[in-house]
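Starting from the known structure of chain Z, arrange chain B on it as the hints suggest.
As they're listed, the protein sequences go chains Z and B.
The numbering of the first sequence is the numbering used here, which starts it at 1 and goes up by one.
The numbering of the second sequence is the numbering used here, which starts it at 1 and goes up by one.
A few chain Z residues that face chain B, going by a derived Cβ cut-off under 7 angstroms, partial list only: (1) MET116; (2) ASP207; (3) GLU293; (4) TYR354; (5) TYR362; (6) SER364; (7) LYS389; (8) SER394; (9) ASP407; (10) VAL408.
Just so you know, the hints here were simulated from the structure itself, not pulled from any lab data.
Here a beta-carbon is modelled for each residue, glycine too, at the ideal position from N, C-alpha and C.
2 protein chains.
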Amino acid sequence: MLKQIDYQGSLEEVANKFQGRKAEVSEEVNKSVQEIVNAIRKEGDSALFSYAKKFDGYNADKNNLLVTRKEREEGLEKIDENYFRILRRTKSQIEEFHKHQLGNSWSIYKENGVIMGQIARPLERVALYVPGGTAAYPSTVIMNAVPALLAGVKEIIMITPVKSDGQVNANILAAAEVCGIETIYKVGGAQAVAAVAYGTDSIPKVDKIVGPGNIFVATAKKICYGMVDIDMIAGPSEVLVIADEKANPKYIAADLMAQAEHDKLASAILVTTSESLVQKVDEELEKQVQSLERREIIESSVSNYGGAIVVKSIDEAFEVSNQLAPEHLEVLTSAPLAQLPKIKNAGSIFLGEYTPEPLGDYMSGSNHVLPTGGTAKFYSGLGVYNFVKYSTYSYYPKEILADFQEDVVTFAKSEGLSAHANSISVRFDDEKKEK
Amino acid sequence: MLKQIDYQGSLEEVANKFQGRKAEVSEEVNKSVQEIVNAIRKEGDSALFSYAKKFDGYNADKNNLLVTRKEREEGLEKIDENYFRILRRTKSQIEEFHKHQLGNSWSIYKENGVIMGQIARPLERVALYVPGGTAAYPSTVIMNAVPALLAGVKEIIMITPVKSDGQVNANILAAAEVCGIETIYKVGGAQAVAAVAYGTDSIPKVDKIVGPGNIFVATAKKICYGMVDIDMIAGPSEVLVIADEKANPKYIAADLMAQAEHDKLASAILVTTSESLVQKVDEELEKQVQSLERREIIESSVSNYGGAIVVKSIDEAFEVSNQLAPEHLEVLTSAPLAQLPKIKNAGSIFLGEYTPEPLGDYMSGSNHVLPTGGTAKFYSGLGVYNFVKYSTYSYYPKEILADFQEDVVTFAKSEGLSAHANSISVRFDDEKKEK
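Bound-form chain Z, shown alone:
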């Protein structure tokens, strides 16, 4: 089922397909989301409750919006101790990696008396969106919460849609518990995004919204961007595997399918120096897919968005990969660590045959919220740095300002800003008079 993609040095077609999987937001969706956002801004809670009823069938009101302590406890009773242990182990793995992203405050004390620097401070309040139904992943709760916690965010609130029964998935409650998140609002969709962006009587305004969601959630995040910060507009997931002739086809097939099972728009591409490997991987795909639950999804995404590209050298493989800028990159070559300098664009990199990408989805330590669709050219995966903002500062002694006076005044006047010039020169008025 793995098509071989003819690669003649030009990747335009593959790249367009790879990067074009993002669903184009229709004018209709845009318009209806804009209406929802406007309604929440104007009417607050009443609009929020009526959308919850309309879209999710939940009779929301200000008394049943929050998950109660009792509901949490009842949910957590359903979770066995082993599952809790796995969640805690995951959290600790993620922490171990992410703690190295801390610490971007610094200061300079110049000998001339100037002091300058940058202070990193956590955002105060962050909303974590968790989709309902089968798209509710406890691993994603941990991936989003840990960097925020490490950054020092004081308040993390969760928003998640519920159906008419008002129930939140117990695994999600368990992940929230492990991350110390106790404030969970039973609202979802574009209306929940607008509610945390603007604040309502029942829901506090936040500084940033993170977490995945459907096209309505993503569109609402984009519309509210600027009013609050957002993480990124995520598209369908993808993996690119670079393999030499010694790589194990069995592992490659398994890893391509792990990616493909996410959804029919997922993409899994093999780039290899070995044409015979492609054949072997294909055989393995046919064999292994038989026993996999999501066989239909896998077969669809591998046929439509999967493929194999045979290149002349490993260096060329990395050129291909850099052009596609994959979310996940597996390097199944000899001496995989030595290949790192060749990688320009990739969300997260998995080196060697015992670091399969799914390890990174859960417990390797790196974040699984990553840039997709070629946006790894300019975006990074989620990290502690996403929950911190900087203030720069400076302190100049009088004699150093004096040294800059003439130049700043000239520069400001050249830009037509005479009050800027005045602000500097007024500080030296007395001296002029004395002279």
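What follows is chain B alone, placed relative to chain Z:
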């Protein structure tokens, strides 16, 4: 002209005014910008040229789109050596500050054999938007270019609108020259933003668009966000001055007006423990404004968006400031450096009476591209970090993956992802068979 704002512990009204100065993008603007973006995507150059003609009166074609070497040289001849020296001194000041923002690559070598880390890489190609006419500030060119250069961005292109004569402001050419920017396209507006976001035959696609612009430029940036990265959606400029009773009213008045002269939506607010200081500042305002060129703008913005808030203590002044999250914060108190821990939200902080905010607009070293309208709660000013993206990586030895095998398989299955589980377990199939 400085209104005293009655402050009873609640700042909602001030905050709304302060944060609500951002022009609401009308449906009309949104729609016409979306049309422009769509046209550029579909028709490329031909749409670009026809918009340049329509909106700017410039008969653009593929042969006159770039500023030629001759045009640059002719422009630069108009610039005197002193101005070049000031530009170079500014660049070197900005570099000195920003070089401390470098270096976020790291790696961990665990004793168990696991290797993990994060690689920082520069974006490859960045577009710097420079508005036409009086809003073209050479200082802003330097502020945008220096962090990109320090990050290691290989290609910085400039886009700027021209009128029918095809001339680019000579001061802008000089700033570009000092920053080593040689590729300057004579296109502006929403069409130029769309052109660099999607690429046309004449204009290359970039990874990120930075730089200020009018409402059409800002809307186009927001619409293209996701396809490329953007800096931020900037609003009108603002300053908040915290002053105790010993602060010099002359300097305060000058600094408030330096902010106010930017435009009628600019905001300048004094927060002080001293009611008599407010009176003195007001007198200074009346006096100094007489001789300032932009008197009308200053009077308008001070009356509409300026004000003084009298508080009971310096600590309360910082609480007010943290709520408003100003773009620029001046601290005119005794021991200003010791106040830094109190500051939670501010774009850039100016400490003591000889560090006036306009010094920071040009030559103090910190960046003048800063978050406005209260967004300093979650955004940072422009820095080297905005031109870098991270790739995380990990390498696990077989025996460590084995240690995680059972937990990852259980976790993946609990999320319904059996191909994820398979990707881990397939690596231990042989051992199972052996047993």
